[in-house]
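The primary structure of each chain is shown beneath.
There are 2 protein chains.
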Amino acid sequence: MPVGTQGSVKAIEQRELNEVGAQIILGNTYHLYLRPGTEIIQTAGGLHRFIGWNKPILTDSGGYQVFSLNELREIEEEGVTFKSHLDGSSHVFTPESVVQIQRQLGSDIMMVLDECTPYPSEPEYAKLSNAMTVRWAERCKNAFESGAELYGYSQSLFGIVQGSIFPEIRRQSAQALVKIGFDGYAIGGLAVGEPADVMYSMIEVCEPLLPADQPRYLMGVGTPVNLLEAVARGVDMFDCVLPTRNGRNANFFTRSGSINIRNAKYKTDFTPPDPECSCYTCGSFSRAYLRHLFQVKEILGLQLATIHNLSFYLWLMREARAAIKERRFGEWKMKMVSQLCAEDKVVEI
Amino acid sequence: MPVGTQGSVKAIEQRELNEVGAQIILGNTYHLYLRPGTEIIQTAGGLHRFIGWNKPILTDSGGYQVFSLNELREIEEEGVTFKSHLDGSSHVFTPESVVQIQRQLGSDIMMVLDECTPYPSEPEYAKLSNAMTVRWAERCKNAFESGAELYGYSQSLFGIVQGSIFPEIRRQSAQALVKIGFDGYAIGGLAVGEPADVMYSMIEVCEPLLPADQPRYLMGVGTPVNLLEAVARGVDMFDCVLPTRNGRNANFFTRSGSINIRNAKYKTDFTPPDPECSCYTCGSFSRAYLRHLFQVKEILGLQLATIHNLSFYLWLMREARAAIKERRFGEWKMKMVSQLCAEDKVVEI
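Chains A and B, in that order, are what the protein sequence lines are. All residue numbers for the first sequence refer to my numbering, where the first residue is 1 and numbers rise by one. All residue numbers for the second sequence refer to my numbering, where the first residue is 1 and numbers rise by one.
Hint data in this document are derived by calculation from the structure and do not stem from the laboratory. In this text, a Cβ means the ideal position worked out from N, Cα and C, and glycines have one as well. Incorrect hints may appear among the rest.
Pairs of lysine to aspartate or glutamate, EDC-like flavour, derived with a Cα cap of 20 Å [as the list claims (entries may be wrong)]:
#: 1; chain 1: B; residue 1: K141; chain 2: B; residue 2: E96
#: 2; chain 1: A; residue 1: K267; chain 2: B; residue 2: E96
#: 3; chain 1: B; residue 1: K267; chain 2: A; residue 2: E76
Per the computed footprint, the stretches of chain A lying under chain B, defined by three or more beta-carbons under 8 Å from a beta-carbon of chain B, are [stated by the list, open to error]:
#: 4; region: 202-216
#: 5; region: 271-285
Construct all of the structure, not just a fragment, from the sequences and the given hints.
The following block contains the structure:
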């Protein structure tokens, strides 16, 4: 899912999101709640109509951003009180209020309010934090069931598995959420600084406990290799700012490793960023031109990098789906990861 | 002509320039000469191939930018010595060298090196300056005729009428240039601070002296009303950063005046920026959404404003051409100017 934090996937038009093959995008409740505000979006008839996007939207609960505020927030059983990073004004998110906000946004997939346990955490903290996350999940479910959609189409609610890097807490979390019952399950609290191997083993811990016929969503991940390793472990959905943010930093993902287009060696390289890619950028422009655009700080560079990187990520996921269908995923993945490994060395989230 | 200073019309893709109806774009020799440098563009096979634009390109001579450097340049009969605004390195533009650079760029229309006389200037200065501009024009013509195109298609060379706001010098300039003989004639040195009425009367002074069967090009102009007034006085071509630059400043040109989309009154205005406009922006997005994009500083706001404003300008020129063809220009212009007058009050170049 390309990330459209503030109601726009940065530097790309909605029609271009369709063109690159996006089936769903993500919006951030925290940001949209503050600006333009839930009321304006509701008056517009929901987020889809407000931003002109008629495919699915997933919204997070706002929890992740709120917990990132650190000094500006206070967690209690009832919910979390926080000060806006924009003007310092005080606000409260409760499990019930974030469900209500997401009703007003009209997202197709709503997320429960959770605490994204910081990394590293002591097991005792992770246990208490997750217990509250589970209680909040139950309150979200109740609020979800007692409310109704506002725009004539149904919405889904996903739970979020927490538990830091502790297998036993992860298991308790997954089991408790499945018992409450959600339309899909996210694995949260990963890609927050732990080694990739630890992330992969946490996915392995959760996976067998999550219903096979419901989507599993790994939040905030990741590099192309991260995605393939997670798919291999049973994950269906991802969101990450990496393709868009790195693109705006001149980093082009390609089938044979990632390249920083600012590199002097591309000065007179008139080949496309990724010769095998069929996107607008690769079909129309050379590395030399793209390098020039970044050197002289033209906005077009950001646009063309975003188009390419999202095309690449969505191509990679289409290929993965096709390989799974044709029962050749393992082989394909091994080949792909080795091609991509040059890339992941230079990528930072 | 949308302005593509550094080989990109800011915040819009080449395919979108086609979509909004651009028939020709402008590139700036000074900027392209410095970055990426003439050699790289020549290695690419010319500017069209380098930037991926297969319709005409007009390049200026670089003179305007060089003369704007003030402290960093020195004018002599031979040419102008200047220091790069980027790294202070020293360079020389002569009438011959700017023709050669534009040969390497491969622009369809090349401009002679001229001195854009500052406003205000004393008549004596304007006279001497214009005399040199005419001598430089002749040297450009000679260099043009003794050289050859590099990429298998012919190029045109336009002269530039100067003379500040002094009718007699303007007349001498136009007559001298026509005597040398160019493929088209620009009127330069206007829209540099003089009142609009003075600009209009300077066009009136030049117009009868410029061949009716060759294009007249008013450089660096202007607002929608400026364009219509100049068309009424016989001008065929324009370039201006106004639609793109003002767009990036949240200013939307519309058929009934210009609007600043940041205005609070658009908070819940779910109508398009210009309801009569058929561009992608107006067909897909509301004022409320565009306001939000500018409020939260999303790049998409710049993209959508640019698409709309260029669509508007190019629509206006198409309408003008149709009205001229159907011999109803005078009537149409009067109506249009009165519709647009609200707009021009708030527009600043």
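Hint check results:
1. B:K141 with B:E96: holds (9 Å)
2. A:K267 with B:E96: violated (27 Å)
3. B:K267 with A:E76: violated (34 Å)
4. 202-216: violated (count 0)
5. 271-285: holds (count 3)
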